[in-house]
Amino acid sequence: MSWNRKHLLDIESLSADEIMTVLDTAKAFKAVGERAIKKVPALRGKTVVNLFIEPSTRTRISFELAQQRLSADIVNFTADASSLKKGETLKDTARNLEALNADFIVIRHSAAGAAHFLARTLNTHVINAGDGSHEHPTQALLDAFTIRERKGKIAGLNVTILGDILFSRVARSNIWALTKLGAKVTLCGPSTLVPRTFEAMGCRVTHDVEEAIRDADIIHLLRIQHERQRKTMFPSIGEYTTLFGLNKARLAKTKPDSLIMHPGPVNRGVEIDSEIADCDRSLILEQVTNGIAVRMAVMFLVNGGKGPQEITGG
Amino acid sequence: MPESTVILNNTGIERALTRIAHEIAERNEVSAEIVLVGIQRGGVSVAERLAKNLSQIWNAPVPCGSLDVNMHRDDLGHRAAPTVHPTLIPFDVTGKTVVLVDDVLFSGRTIRAAMDALTDFGRPKRIQLAVLVDRGHRELPIKADYVGKNQPTSPKEKVRVIVGEPNRADEIILERP
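Protein chains in written order, with this note's numbering: chain A, 1 to 314; chain B, 1001 to 1177.
Keep in mind that the hints were calculated from the coordinates and are not lab data. A couple of the hints might just be wrong.
Result set (EDC-like, lysine to aspartate or glutamate): computed pairs, CA atoms no more than 20 Å apart in a straight line [unchecked claim]:
| # | chain 1 | residue 1 | chain 2 | residue 2 |
| --- | --- | --- | --- | --- |
| 1 | B | K1149 | B | E1175 |
| 2 | A | K151 | A | D17 |
| 3 | A | K39 | B | D1074 |
| 4 | A | K39 | B | D1092 |
| 5 | B | K1158 | B | E1003 |
| 6 | A | K46 | B | D1116 |
| 7 | A | K38 | B | D1116 |
| 8 | A | K39 | B | D1120 |
| 9 | B | K1125 | B | D1145 |
| 10 | A | K151 | A | D215 |
| 11 | A | K39 | B | D1116 |
| 12 | A | K46 | B | D1075 |
| 13 | A | K255 | A | E210 |
| 14 | A | K6 | B | D1075 |
| 15 | A | K39 | B | D1075 |
| 16 | B | K1158 | B | E1171 |
| 17 | A | K38 | B | D1092 |
| 18 | A | K27 | B | D1120 |
| 19 | A | K38 | B | D1074 |
| 20 | A | K38 | A | E286 |
| 21 | A | K30 | B | D1116 |
| 22 | A | K30 | B | D1120 |
| 23 | A | K91 | A | D103 |
| 24 | A | K27 | A | E64 |
Turn these sequences into a full structure, and let the hints steer you where they fit.
This is the structure:
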């Protein structure tokens, strides 16, 4: 167990031990969510600002629930309602929030590095809730938590990430987390969205979907991020579904105990067939449940100050 | 070089636990109302031993759970985030007499947090406290109902309790810095 960080900005800089600390801590917080009283006073009196400059529903709600279950006070700040629309810079917005004595800022932004910028600028704890195509650390942590819970381990598993890798922060964070924890990661999708350069991150790249998922223990599907693509990266959605969509026939050719994950939002009938999304091998809703526990664990850990971790006697 | 003294050995611990079990049985006549909850980490193995002793006295199983109080501590943010261990209370505490069990009673802050944490699981009829060692230096108005050994200490000393560890004899050691 080790954690001495004030922020959670990315997975890239975390050690395997730190990632496991989050997963172990999240296990205890998951149990809190299963009780009649789903609340603990760990962040009582702390103020959290959720600064969501890029639209988000599920991540924001998950963070909000996590914060409420830790008894924090919450201010939500969204792009369309904020003064950023009136020309204020991110730095000024953030400094204003700090002047309100916020203890935590959870930031979602379309620019890569936005969370790192705030961590350098402000004295508050900063948690990255997704920065452009760069990283989405809490998503990778909740995915790792879900895999470990269902498979009992991560090291040695074959994990295939299928879809729009190029524009996906979820993919990048997942690749970092899974390779650090010893999984074998395969990336697959159209060659325009899955360039060979990803091999430098320690994964295998293939453009043949059936080969990619044949030996997979986990098939992790990603949505096509139309909002980040400045030009068309493949001929048509229909062609994408034909070549890369996960359907019953393709799933039948995988290991009988392979499991399906998706960070949402799901585009049914595009990257995944509707009936597969709802089948008992789909972990999509478990990911949502686990997301709250993992985000509680992250906020609990970064809240820790300096000093000894173990308490002797009490 | 720290100096260490054994303040209670294997036999002494066994004797203390037997006595506490009898005291619990004497104070609580309705055995069906008693549940034990050990505080993570040190209290859990002590609670398990007490539950075993009590079930022999009563000839009936005594429910025993474990409670992690770290989410309820009052010093979070002043120190590195603590390691959180599982809380397992596989029974209803409402209407029961809960005997909280810890290895060492010191400032009393852990017990304060434990009482808060416990009320999230229900409304016990009453809460009692059993500890293996009371080393003094209370910072809160908290007192144990059952004490294995009263041990005067200086705040700088450490009390290490070894109970139920594999391949190790049980003992309690006082370490002077």
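Hints versus structure:
no., hint, result
1, B:K1149 / B:E1175, "holds, 16 Å"
2, A:K151 / A:D17, "holds, 19 Å"
3, A:K39 / B:D1074, "holds, 16 Å"
4, A:K39 / B:D1092, "holds, 18 Å"
5, B:K1158 / B:E1003, "holds, 10 Å"
6, A:K46 / B:D1116, "holds, 19 Å"
7, A:K38 / B:D1116, "holds, 14 Å"
8, A:K39 / B:D1120, "holds, 8 Å"
9, B:K1125 / B:D1145, "holds, 16 Å"
10, A:K151 / A:D215, "holds, 15 Å"
11, A:K39 / B:D1116, "holds, 12 Å"
12, A:K46 / B:D1075, "holds, 13 Å"
13, A:K255 / A:E210, "holds, 12 Å"
14, A:K6 / B:D1075, "holds, 16 Å"
15, A:K39 / B:D1075, "holds, 18 Å"
16, B:K1158 / B:E1171, "holds, 14 Å"
17, A:K38 / B:D1092, "holds, 16 Å"
18, A:K27 / B:D1120, "holds, 18 Å"
19, A:K38 / B:D1074, "holds, 19 Å"
20, A:K38 / A:E286, "holds, 17 Å"
21, A:K30 / B:D1116, "holds, 19 Å"
22, A:K30 / B:D1120, "holds, 15 Å"
23, A:K91 / A:D103, "holds, 16 Å"
24, A:K27 / A:E64, "holds, 19 Å"
The structure fails none of the hints (numbered hints given earlier).
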